[in-house]
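Visitor: Sequence:
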Amino acid sequence: MAMNFAIPTCRDDLLSNSVSDNYCVEEILTPRQMVPALQALKSACRGNAHCIVQHFDTLFSVLCIQKDLDPALKEEAWHVLLKGSQTFLARLTSDLDQCDLSLEDRLTSLNATKMVAYLFCQFLELFDGEATRPGAVVTGKGRGRKMKAPAVATDMDWDYERHQGVQLLLSIIQLSLTKLWDPPVAEEEFVSLVSACCYKLLENPSTSKNKDTLVAIAHILGNLVKRYNHGLGASLKLDQMLKHFEFLTSPLAQIVEIIVSEYGCKSLLTDLIREIGNVDAKEAARDAAVGKAY
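For the sequence shown, UniProt numbering assigns the number 1 to the initial residue and increments by one for each residue that follows.
Hints were generated in silico from the structure; no laboratory data involved.
Just so it is clear, the structure is predicted and the values come from calculations on it, not from any experiment.
Heads up, the beta-carbon is just placed ideally off N, CA and C, and yes, glycines get one too.
Incorrect hints may appear among the rest.
With a Cα cut of at most 30 Å, we get these calculated BS3-like pairs of lysine-lysine [unchecked claim]:
no., residue 1, residue 2
1, K209, K179
2, K211, K243
3, K67, K226
Distance windows between CB atoms, simulated [claimed, not checked]:
no., residue 1, residue 2, range
4, Q86, A40, 34 to 44 Å
5, L101, R227, 15 to 25 Å
6, V19, T249, 22 to 32 Å
7, T270, V19, 19 to 29 Å
8, A196, K67, 15 to 25 Å
9, D212, H79, 32 to 42 Å
10, A40, D212, 28 to 38 Å
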């Protein structure tokens, strides 16, 4: 029976083999095991389109033990994931250009796509969360003073790396991925995985300040709305974000404009206006942030 990768709702789901044919992580590596494991992954990525799938457990382990890892090691894992995903993208593009994929090839490509997308979204959210996390506060010796913990040195330009990641995610989403499902409709968990990652990135003010990254996210959402039945989900989420993040008023307007004008999804604007109109006027008046955002 062919292996099936079920996109988990939480990481622990991948540690359970309750469903016989579902992929299950065999072992969570320790920090000491991570250095040679990443070296093995780097070697495997040389011309191997399925290196990420074959070494999924290594990268999944990074997510699980990231608090115990040296920042440089996590950055190395990100760069290996990025490189391996680029190689996979080239192979997937070629496979999808075939007129008729065999059942075995289709399932192999489908599982690989879900595994790469899962790791990619998880790593994007991990590093973006660390970039926005306020400095830790510790108590200093003497007089009860408090001071910020020293920042961990890093050479990674996350704004640049985030854009690289979002751009690659867009390149994957733009492919004719629905050919991998039978019937040719993407599973809801896949759409939710990618869209949730985009919305999470938008919560970081620096994301919307990077025009190229903002536009790339708009195109990902545009593809999801037009080709992956994400219209209603998008209108509900955008309305929710407008209520909670005042700084997103202009960026979200730009995103909606791109989706409507370049993807012809006028119903998104209609649905969004309806959702906004459903906000109780008294509640909006009490909440200055909501009132100002609208």
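Visitor: All hints, please: hold or fail.
Guide: Cross-check of the supplied hints:
1. This hinted pair does not check out: K209 and K179 have alpha carbons roughly 35 Å apart, beyond 30 Å.
2. Simply put, K211 and K243 have alpha-carbon atoms about 22 Å apart, close enough for the 30 Å limit, and the pair holds.
3. Restraint check for K67 and K226: not satisfied, since their Cα atoms lie roughly 38 Å apart, outside the 30 Å limit.
4. In this structure the hint that Q86 and A40 lie 34 to 44 Å apart at CB is violated, the actual value being about 19 Å.
5. Checked against the hint of 15 to 25 Å, the pair L101 and R227 passes, with Cβ atoms roughly 18 Å apart.
6. Distance hint check: the CB atoms of V19 and T249 are about 44 Å apart, inconsistent with the given range 22 to 32 Å.
7. At about 40 Å, the CB distance of T270 to V19 disagrees with the hint of 19 to 29 Å.
8. Distance hint check: the CB atoms of A196 and K67 are about 22 Å apart, consistent with the given range 15 to 25 Å.
9. With their beta carbons about 20 Å apart, D212 and H79 fall outside the hinted range of 32 to 42 Å.
10. Restraint check, A40 to D212: a C-beta distance of roughly 34 Å satisfies the suggested window 28 to 38 Å.
Comparing the model with each earlier hint shows violations of hints 1, 3, 4, 6, 7 and 9; every other hint is respected.
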